[in-house]
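As they're listed, the protein sequences go chains A and B. Every letter in the first sequence is one number past the one before it in this note's numbering, and letter 493, counting from 1, is 493. Every letter in the second sequence is one number past the one before it in this note's numbering, and letter 294, counting from 1, is 294.
These are computed hints drawn from the structure, not numbers from a lab. Among the hints, erroneous ones may be present.
Okay, derived cross-link-like pairs now, DMTMM-like style, lysine to aspartate or glutamate, Cα gap no bigger than 20 Å in a straight line [claimed, not checked]:
#1 A:Lys118 <-> B:Asp246
#2 A:Lys243 <-> A:Asp222
#3 A:Lys118 <-> B:Asp64
#4 A:Lys497 <-> B:Asp80
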Amino acid sequence: MKSKRLTLAASAVLGTTLLVAGCGNTSGNASSGSNTTSSKVDASQQIAAPFQGAVAGLPQITAPKGFNWKQYSGTTLNMITENTPPSSALAENIKEFEDVTGITVNIEQADLSTVAQKVALDFQAKSDKYQLIYADPYQMLAKYSYDYLDLNQFINDKSLPPVPGGLSDFIQSQLMVDGYMGTKDHLYALPYDTPTMVLVYRKDIFDNPKYKSLFQKENGFDWTPGPNLTWEKYLTIEKWINKEVKAGVITGVQYGAGEQAKEYDSLQCDFSDVLAAYGGDYFSAPNLGSIGTTTPGKSLMDSKQAIAAATIYKQIVDNAAPGSTSWDWNGLGEAFAAGDVAMAPEWHEFASTFENPSKSKVAGNVGYAILPKGPVRSANIFGGTGLAISKYATPEQQKAAWLFEVWATSPQAQYMILKSKDGGETPTRTSVYNLPEIQKGMTPGTPESKAMPNLLSMNATLQAWKAQNVYMRPKIPQWPQVDNIVFTQLSDMLANKQTPAQAMQNIATQSNQVTGN
Amino acid sequence: MATKLSETETITPVAQPKKARQKSANITERWMLMPSVILLAIISFIPLFYMIYSSFMNYMINPDQPTFYHFHNWAVTFHDSAFWLSWGRTATYAISGLVLEFLLGTALALAIYRLPWGQNIVTTIWMLPLFVAPIVTGLLGRFLVNSTYGLYAWVLQLLGVHTEILGNTLTAMPALILMDMWEWTPLITIIVLAGLQAMPEEPLEAADVDGAHYWDKLRYVILPLIARPLLVAVLVRSMDILRYVDTIMITTEGGPADATKTIGYYLVQIAFQFQDFGRAAAVGLTMLVITILIGQLFVRAFTRGEQQ
Numbered sequence: 001m002k003s004k005r006l007t008l009a010a011s012a013v014l015g016t017t018l019l020v021a022g023c024g025n026t027s028g029n030a031s032s033g034s035n036t037t038s039s040k041v042d043a044s045q046q047i048a049a050p051f052q053g054a055v056a057g058l059p060q061i062t063a064p065k066g067f068n069w070k071q072y073s074g075t076t077l078n079m080i081t082e083n084t085p086p087s088s089a090l091a092e093n094i095k096e097f098e099d100v101t102g103i104t105v106n107i108e109q110a111d112l113s114t115v116a117q118k119v120a121l122d123f124q125a126k127s128d129k130y131q132l133i134y135a136d137p138y139q140m141l142a143k144y145s146y147d148y149l150d151l152n153q154f155i156n157d158k159s160l161p162p163v164p165g166g167l168s169d170f171i172q173s174q175l176m177v178d179g180y181m182g183t184k185d186h187l188y189a190l191p192y193d194t195p196t197m198v199l200v201y202r203k204d205i206f207d208n209p210k211y212k213s214l215f216q217k218e219n220g221f222d223w224t225p226g227p228n229l230t231w232e233k234y235l236t237i238e239k240w241i242n243k244e245v246k247a248g249v250i251t252g253v254q255y256g257a258g259e260q261a262k263e264y265d266s267l268q269c270d271f272s273d274v275l276a277a278y279g280g281d282y283f284s285a286p287n288l289g290s291i292g293t294t295t296p297g298k299s300l301m302d303s304k305q306a307i308a309a310a311t312i313y314k315q316i317v318d319n320a321a322p323g324s325t326s327w328d329w330n331g332l333g334e335a336f337a338a339g340d341v342a343m344a345p346e347w348h349e350f351a352s353t354f355e356n357p358s359k360s361k362v363a364g365n366v367g368y369a370i371l372p373k374g375p376v377r378s379a380n381i382f383g384g385t386g387l388a389i390s391k392y393a394t395p396e397q398q399k400a401a402w403l404f405e406v407w408a409t410s411p412q413a414q415y416m417i418l419k420s421k422d423g424g425e426t427p428t429r430t431s432v433y434n435l436p437e438i439q440k441g442m443t444p445g446t447p448e449s450k451a452m453p454n455l456l457s458m459n460a461t462l463q464a465w466k467a468q469n470v471y472m473r474p475k476i477p478q479w480p481q482v483d484n485i486v487f488t489q490l491s492d493m494l495a496n497k498q499t500p501a502q503a504m505q506n507i508a509t510q511s512n513q514v515t516g517n
Numbered sequence: 001m002a003t004k005l006s007e008t009e010t011i012t013p014v015a016q017p018k019k020a021r022q023k024s025a026n027i028t029e030r031w032m033l034m035p036s037v038i039l040l041a042i043i044s045f046i047p048l049f050y051m052i053y054s055s056f057m058n059y060m061i062n063p064d065q066p067t068f069y070h071f072h073n074w075a076v077t078f079h080d081s082a083f084w085l086s087w088g089r090t091a092t093y094a095i096s097g098l099v100l101e102f103l104l105g106t107a108l109a110l111a112i113y114r115l116p117w118g119q120n121i122v123t124t125i126w127m128l129p130l131f132v133a134p135i136v137t138g139l140l141g142r143f144l145v146n147s148t149y150g151l152y153a154w155v156l157q158l159l160g161v162h163t164e165i166l167g168n169t170l171t172a173m174p175a176l177i178l179m180d181m182w183e184w185t186p187l188i189t190i191i192v193l194a195g196l197q198a199m200p201e202e203p204l205e206a207a208d209v210d211g212a213h214y215w216d217k218l219r220y221v222i223l224p225l226i227a228r229p230l231l232v233a234v235l236v237r238s239m240d241i242l243r244y245v246d247t248i249m250i251t252t253e254g255g256p257a258d259a260t261k262t263i264g265y266y267l268v269q270i271a272f273q274f275q276d277f278g279r280a281a282a283v284g285l286t287m288l289v290i291t292i293l294i295g296q297l298f299v300r301a302f303t304r305g306e307q308q
């Protein structure tokens with residue numbers, strides 16, 4: 001009997017400890033190939049790299065004369081990234097990089113929380129399992145900045161390929177968010193993608209003259225989404241569509257609006273748009289959203305602005321499609337593409353899905369606008385991410401990873417990703433937006449817009465990126481906990497377990513505990 | 001007395017070599033088991049001691065150099081209402097799941113046992129969910145109840161029920177219990193079926209001769225005879241269900257409004273989302289204690305059964 005008990009206890013111990021210590025595989029599988037660093041490199045002359053697909057008008061990928069692009073041939077790099085369109089596009093075109101450099105790149109895609117967990121565990125173990133990391137500024141860069149390599153060492157090394165077009169070609173506000181933490185002394189990542197929340201709506205509903213005049217007659221204002229739309233009006237439109245759908249007046253849609261209000265990061269993003277529009281924010285320290293800080297100051301979530309924002313946000317979700325409380329951005333995107341909802345706040349990069357007839361029932365009928373405004377402004381949360389290199393990679397892997405960074409974030413690759421059949425992502429480079437072809441693509445119906453459907457949301461997105469419209473959430477090391485507190489309390493509020501004021505107070509109290517205020 | 005002593009004297013020389021042989025065999029067995037025991041100790045006790053150590057350390061400031069945190073992690077854990085609420089939800093999930101799986105699994109095993117033919121085919125088909133990874137079960141469940149394209153959601157909408165099953169605090173937990181039942185009821189069925197097939201025929205034949213009805217036979221003959229496999233089935237599932245998080249992670253992530261945040265998911269969140277390994281260790285140890293207590297409960301039930 002003793003042995004039975006021992007076995008039982010041992011099994012229990014093993015089961016529980018494995019649960020806690022699980023995923024502990026820290027063995028990297030990156031293999032190094034031959035390192036034949038070129039000794040005779042003339043840094044005074046830059047020679048175009050042998051990549052295919054150079055685009056006239058865009059800064060080219062170059063390297064110093066004599067640079068051997070194959071010197072890290074045989075090296076294997078592992079990249080971990082969120083399962084987003086640019087990553088799929090990159091994976092699809094990875095052969096182009098591999099053919100030129102001889103470096104093999106394995107691109108592992110997962111949902112954002114899984115990526116964050118794997119990266120954190122990799123860093124805890126000081127493992128080099130992942131050399132290339134999709135470094136979300138809020139979940140991964142702020143907390144683990146010391147685990148990334150300072151890219152300035154490669155930028156300052158004249159024997160290596162420079163950043164094509166220089167750092168000044170990146171959209172500067174995005175470089176600040178994606179690349180730095182606390183100070184500009186170290187550059188940890190280069191901007192890689194640019195998702196930004198905008199309002200997507202059904203043009204066939206909103207442009208329908210019958211619906212439009214009926215609504216105006218009943219409510220006294222033009223419902224066309226744009227800079228004049230407020231969150232109060234959004235709520236009115238949402239309710240009116242619900243009512244008219246039930247009455248059988250409006251067809252082709254089931255609900256006025258959809259939200260990404262699952263108890264998840266998406267709920268915090270969805271709410272942040274309203275919070276900032278009402279003049280609220282999470283913490284009191286300045287520059288929280290741009291360069292970031294380790295001392296965020298006191299929570300501001302018990303402010304009148306935050307409570308007002310929570311109050312209207314609850315009404316918006318209460319009147320949204322019932323699925324909203326179980327949708328993250330993907331669930332909401334699927335519902336919108338299926339024609340279930342007339343409007344929704346959604347990441348602009350979903351345009352490629354919405355405009356693809358094989359994935360969307362509403363292709364060709366989608367309009368894009370900046371998000372409704374509150375008493376203070378329109379606030380469009382930015383969710384862009386940078387590409388970073390792990391400090392724990394071997395020196396050879398680090399240099400091989402730099403070649404990948406140069407290529408993957410180059411205007412040429414950004415252009416390629418944009419044109420990818422997977423829909424890609426809108427570029428992080430101003431030079432790409434300056435191309436006449438790209439400018440034309442922002443107009444619906446043009447051949448360029450059909451080839452690059454993501455551009456259809458760009459007029460709204462460019463508006464959203466303006467300093468007065470963009471919202472950057474706090475970039476602080478404690479953000480994963482604060483984020484969890486925010487979406488958990490909001491979820492409780494949406495389930496009527498607490499009032500908006502109680503939810504905001506709880507967020508403030510718990511956030512202060514986490515940040516030590 | 002003299003006679004007895006003389007009997008003892010005559011027996012002892014014969015018994016001693018037998019005992020000695022047995023002792024020697026036991027020692028050999030123990031030596032042969034030693035590598036396994038050492039391996040078991042390495043893979044279970046070292047992490048256990050490390051967990052205990054971790055539960056007194058602070059990893060939040062610098063994970064590389066944790067500092068001694070006294071009983072802070074334990075105090076925070078026991079003062080956190082979310083911890084107790086998670087245990088409450090775990091109890092709901094585990095007890096409901098176990099009871100339903102136990103009843104349905106046993107009933108199906110009894111039904112399959114009585115099939116005149118095709119037992120193997122039915123059992124094989126019934127077992128199929130067991131071969132599905134829990135994460136796939138979650139994906140499948142999420143797909144079926146999705147209000148945009150899910151089959152079950154579509155049927156419910158036809159019936160006039162417009163609710164998001166996984167987005168509603170009232171329906172999310174029952175949906176997860178049903179997913180668990182779909183996957184794990186076959187395990188109970190198989191274990192019970194094995195017990196039924198190993199059952200001696202004589203008591204049943206005797207009951208038949210006595211003219212017992214099926215329900216009487218079930219209550220007084222069959223269930224007592226398969227009590228041990230039933231206990232094994234419940235023991236295995238109860239220890240598993242307490243730490244079960246896969247389906248929750250892929251479907252609700254603890255929501256809505258924490259309605260499905262069980263202790264397992266609570267631990268995952270602290271350990272892997274917050275990277276607070278000290279607190280996670282404290283929570284993990286409480287799970288360990290509860291699991292051992294439940295195990296002990298079943299061991300006692302076994303012991304009592306054997307004694308009777």
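Each hint tested on the structure:
1. A:Lys118 <-> B:Asp246: holds, 16 Å
2. A:Lys243 <-> A:Asp222: With a Cα-Cα distance of about 18 Å, the restraint between Lys243 (chain A) and Asp222 (chain A) holds, given a limit of 20 Å.
3. A:Lys118 <-> B:Asp64: holds, 17 Å
4. A:Lys497 <-> B:Asp80: Holds, because 18 Å separates the two Cα atoms, which is no more than 20 Å.
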